[in-house]
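Trainee: Given next are the chains, with one letter for each unit.
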Amino acid sequence: MSQGPPHDRTAEFETVALPQLDSLFNLALSLTRNRKDAEDLVQETYLRAFRFFDSYEPGTHIKAWLFRILRNTFINRYRAERARPEEVDFDKIEGSYEALIEEQFRRNRRPPDPERALLAGVPDEQIQRAMAALPEEYRAVVIMALLEELSYKEIAGALSIPIGTVMSRLHRGRKHLQRELLDYARRRGIFSDDPDVSTGGAT
Amino acid sequence: MNCKAFHDRIFLLQAGELPEAERLDCQSHLDACEACLDRLRFEDAALGALKAKLARASAPPGLETRIRAALRTDPARSGRVRWYRAGWFAAAAVAAVLVLLLLRPSFRSAELLTPGTAGGATSGTVTVVDLDCDRAGRSLEQQRRCTQRLHLNALKLADGTYWTIDTDPAEFRYLMLDPRERGQTLRVVGRLLGGTNVIRLESVDRLDARRLSPARYPRVLPAAASGVP
Chain Y
27 MSQGPPHDRT
37 AEFETVALPQ
47 LDSLFNLALS
57 LTRNRKDAED
67 LVQETYLRAF
77 RFFDSYEPGT
87 HIKAWLFRIL
97 RNTFINRYRA
107 ERARPEEVDF
117 DKIEGSYEAL
127 IEEQFRRNRR
137 PPDPERALLA
147 GVPDEQIQRA
157 MAALPEEYRA
167 VVIMALLEEL
177 SYKEIAGALS
187 IPIGTVMSRL
197 HRGRKHLQRE
207 LLDYARRRGI
217 FSDDPDVSTG
227 GAT
Chain B
934 MNCKAFHDRI
944 FLLQAGELPE
954 AERLDCQSHL
964 DACEACLDRL
974 RFEDAALGAL
984 KAKLARASAP
994 PGLETRIRAA
1004 LRTDPARSGR
1014 VRWYRAGWFA
1024 AAAVAAVLVL
1034 LLLRPSFRSA
1044 ELLTPGTAGG
1054 ATSGTVTVVD
1064 LDCDRAGRSL
1074 EQQRRCTQRL
1084 HLNALKLADG
1094 TYWTIDTDPA
1104 EFRYLMLDPR
1114 ERGQTLRVVG
1124 RLLGGTNVIR
1134 LESVDRLDAR
1144 RLSPARYPRV
1154 LPAAASGVP
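Read top to bottom, the protein sequences are chains Y and B. Residues in the first sequence are numbered consecutively from 27, following our numbering. Residues in the second sequence are numbered consecutively from 934, following our numbering.
Just so you know, the hints here were simulated from the structure itself, not pulled from any lab data. Check each hint, because a few of them may be wrong.
As the list claims (entries may be wrong) - Now the stretches of chain B that chain Y is said to cover, found in silico as 3 or more residues with beta-carbon under 8 angstroms:
1. 1060 to 1068
2. 1095 to 1102
Stated by the list, open to error - Taking lysine-lysine and the DSBU-like style, the derived pairs with C-alpha atoms no more than 30 angstroms apart in a straight line are:
3. B:K984 x Y:K89
4. Y:K118 x B:K984
5. Y:K118 x Y:K179
6. Y:K179 x B:K937
7. Y:K179 x Y:K89
8. B:K984 x Y:K179
9. B:K984 x Y:K62
10. B:K937 x B:K984
11. Y:K118 x B:K937
12. Y:K89 x Y:K62
Don't be surprised by glycine CBs; every beta carbon is placed ideally from N, CA and C.
Please take these sequences and the hints and turn them into a complete structure.
Mentor: Structure (structure tokens):
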């Protein structure tokens, strides 16, 4: 980075880093599950990032760099004090997600208008609860991949984990969340459990 | 490619993370398998619905102002930045830690220990590596020459796993940041944070006294002699 006077350096940092404020707040909120803690975490992240601004390489992915600092700050300041959420049994989720989809495809050769079905009336809280049940390291990957659309490589860099771990956490996290959507849709009768509605034609 | 193999790759296909050859295999399979095409449409719909439900929250009003004010008004923080920028702070910190290490009686012990825990502390014999380069299979020599400033160091255990270094305490932060540390063999004691592979270091002993002097950098033993498999 440039070696100008401190006020220039602050302005340079703000120009580069502050446009990412919403993204950082989203991730912080997902990790802390508390708006006040999320605000504190984001502020601390920016102050730490400013201290290490010399280690940022201009032109590289600023969001991934800031995510990395935020995640480290979260671990330092918050994670040790917080109880972990109830563990999700991913092996069970994996099996039940596949079973749920296969069941729907068996009963209905093609699920009716899946977009409408999945969105119809599923309250946001349903997904937020499902997100909250995910361990923190899964939530971070899901947010980075689905909301921020970072590549697997960028996420691996931000979280200091192998790309294989990114894939595993994202795919399991997605299945957990999509299963909630499907389950809700099924309970609401959007996907019928009645074999009589089947149009036949198992895959 | 059969249907099971296609199902296993759907998420990667959606994310654009499949190698070109596998993507073409998937496309060929889709051309011939209507059931998998339906499954892909279904997963696209599910992904779209999920993204719509994961609505983005905006930062609260006032947060940006508070951050701008904090960046400008905290003299300790801006002071630290100037120290780092002056260049000699990192060298002084390294020198201070090296002096401390020399004064520690345990420094002279070169006993290689396997990772273990005692009294809540975790210890192990590790090699400092550039995490990204090491995962990419680059040699320690290449890692030390790496100029990617985003790359951070990590501690590699004999079994090939890594501990990433916590940003606290500040006295060991140089181990995370300084490329010249890559290739060093250390015996470390610390605490793994909350079931992660992030270690908060409590003590660091260098196992090869010959490499203590910064003047010897960037000379580093070849990988085969560093304990890295």
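Trainee: Each of the hints needs a verdict: does it hold here or not?
Mentor: Each hint, compared with the structure:
1. 1060 to 1068: holds (count 3)
2. 1095 to 1102: holds (count 5)
3. B:K984 x Y:K89: holds, 19 angstroms
4. Y:K118 x B:K984: holds, 23 angstroms
5. Y:K118 x Y:K179: holds, 28 angstroms
6. Y:K179 x B:K937: holds, 26 angstroms
7. Y:K179 x Y:K89: Within the cut-off at roughly 13 angstroms; holds.
8. B:K984 x Y:K179: It holds: about 20 angstroms lies between the C-alpha atoms, which stays within 30 angstroms.
9. B:K984 x Y:K62: holds, 25 angstroms
10. B:K937 x B:K984: holds, 25 angstroms
11. Y:K118 x B:K937: holds, 19 angstroms
12. Y:K89 x Y:K62: holds, 22 angstroms
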